[in-house]
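Protein sequences, first through last, are from chains A and B.
Under full-length UniProt numbering, residue 555 is the last one in the first sequence; the count climbs by one each step, no gaps.
Under full-length UniProt numbering, residue 120 is the last one in the second sequence; the count climbs by one each step, no gaps.
Calculated from the structure, these hints are not laboratory results.
One or more of the hints may lead you astray.
To be verified - If you want the footprint, here are the derived chain B segments under chain A, 3+ residues with CB under 8 angstroms:
no. : stretch
1   : 14 to 20
2   : 27 to 34
Stated by the list, open to error - For lysine to aspartate or glutamate, the following EDC-like pairs were computed, each having C-alpha atoms within a straight-line distance of at most 20 angstroms:
no. : chain 1 : residue 1 : chain 2 : residue 2
3   : A       : Lys-534   : A       : Glu-468
4   : A       : Lys-167   : B       : Glu-55
5   : B       : Lys-109   : A       : Glu-468
6   : B       : Lys-109   : A       : Glu-162
7   : A       : Lys-234   : A       : Glu-278
8   : A       : Lys-167   : B       : Asp-44
Heads up, the beta-carbon is just placed ideally off N, CA and C, and yes, glycines get one too.
Chain by chain, the residues run as shown.
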Amino acid sequence: MVSTFSTVNAIAAVLLAENSVAHKQANGRRRRDSPSYTLGKPLSSFYEGPAMSHLSRIGKTCHGSHILPRVASSIRNSRLYSMAAVPLSETPKREWKPIERKQPQPAQITRLENGMTVASIEDYSSTTRIALYVNAGSRYERFNTLGASHVMKICAFLANKENSALKITREAELLGANLQAKNTREHLIISSDFLRDRVQPVLSIIASTVKDPCFYRWEVNDRKDHLFTDLAAKDTDIHAGHYQCDFTTFTPNFETIARCVRLVMVLILQLFISGIMEAVHQVAYRGPLANSIYCPSFRANSLFSDVLQSFAQECFTGPAMTLVGLGVNHDEFVQIASSSFEGISAKRPGEKQKSFYVGGDARWWADSPLVNAAVVTEGVGLEDKDILAAGLLTRILGGSPLIKYGNNTETSRLSKSVSEATTSPYTVSSLNINYSDSGLLGSYVIANAADIDKVLKAIVNQYRSVAEKGISNDELTRAKNQLKAYAAMSYENPASIMQDLAVQAGYTGSYKSPVDVLNEVDKASVEDVVKVAKRLFSAPLTLVASGNIEKVPAL
Amino acid sequence: MANKVVKGAEIARQLPLSRRIFAAVAEWWQNASGYRKYGLKREDLLNDEIPNIAEALRRLPEDEYMARQWRIKRALDCSLKNTYLPREEWTKVEDDKFYLKPYLDLVEKEKTERKSFDNQ
């Protein structure tokens, strides 16, 4: 279908060129009648004259078949506006000027009267991105509101007292803005990207969704399908089984095509990881961080508007919100925000419930010859002073390959030790997750079930050797370079700048710029990293495994 | 209660005469139309094949929807038997409320809104 269309396009382009020449040379009268190009005029109107004869000539001489005339008739009957809009006269001369780029302004942070934090960076881009971070993630759920944060994400743009769901959608479409809702363990995030001059209307839409959400029973019920889709996607065993079929039949000999397998493994990793990570949190923590970011299935049918309403009333307060903007004038942004978010209660949220890391073990069977496992310990929270040392420790343990199809045994301690422990394909990558008061640091591994005992022992031995035997200066330099490159790269991405700004402004009320971070990375010493490794790996480990768990060892 | 009745009477006395007469006639007409004798409420008579009303009915809480269905079945039964309900089961004036109206209003509002967006 696509190829047919592109053929048609190519032919039509040739024809148009031919046509314009024909117009210039012979068909002056005709030219006066029709403008040099016409938008919205069916293409067929251009194909009455010499072009048609040209087409039939191609049909006869080049191909000798009747296919082309048929294509020509389909062009004549179709309405290919974009092609019709190609100027038939000479192309306009353009002068290309280099775009003047202004230096981005530093971040500015203001606290509104109702307690809301407004932070923005003016980077003079032509689009504006705004995001509202509300402290309404799954860690704020209690027994009776369990799953509310997930449902809230799905129902974020339903009717509220100001706008109906239809109005929100249509206005966003008319403004050319996109609206997104995400939920994490900490935040419910409502974000939008749009053109610079439309801050006021978009912000008023976003404000209305958190001001007085109605959560009409019928609307919430109609959205339940989305909830079930999410839950099904989380159900990793199904996915594993599905992908496993392709995997085993397609690769009879593991070793010969290990490189292909690694690619497939990345796929599996993405599907598995949500199920494993949910279990890791459940096992590792006592307290609200153990809550799943997914709505529990026993609540999926009983979460009604009153529950959502009470969760919203509890969480949607000024001090719990952080509004960040990228590409806006700060003063203007603050002014618009304070008028749009007027009327949101300034009630301070209650004392944040603490989570405690306990560690432990969970494993379950899944239909797979592989084992997916995570071995983690308590990491550092966002307000921990060792956060950069922990980042360096993660890099020293080693992440996923930095080069496509690379084996990463040189720069990654984990990869190296696992490759010594097993001959079959594997993938291993360290992970470092930071929450406001705690975190997880460790690794995620997929390996063949026959060798999993050796693989897991190798990983745990690596943890111990970093803590006991220390690290070399070369390793630290490499880790610093990797971390700095990662940080600098992520600051190229507006989405990660937004997240960084929101998290920093929301928790500390200040913003540490990328340059400061890079400088601080440089200051870290071998002792800092070893000290943090000793501290972290002295806590009990958490092991979660799924797949063929026959040989998964006890911790 | 007595206090309320006195108050109600007070308000009724303050209403213009024409409206009082009209209310009385309306009351008589509603009784005379006979649906109360079947134990029905006024909005039970609405045709649920009309799209707006079907949508409003979909939005009714489960129990109210079931109660409506039950009243209609009971009325059908009476109608087949060519009888009315016993007098004590007739719908009382104070029970004959607009239970569907809020939902119907909302549906109509949404329809109008959609139309206005589609005509832009």
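How the hints compare with the structure:
no.	hint	verdict
1	14 to 20	violated (count 0)
2	27 to 34	violated (count 0)
3	A:Lys-534 x A:Glu-468	holds (7 angstroms)
4	A:Lys-167 x B:Glu-55	holds (19 angstroms)
5	B:Lys-109 x A:Glu-468	violated (70 angstroms)
6	B:Lys-109 x A:Glu-162	holds (13 angstroms)
7	A:Lys-234 x A:Glu-278	holds (9 angstroms)
8	A:Lys-167 x B:Asp-44	violated (31 angstroms)
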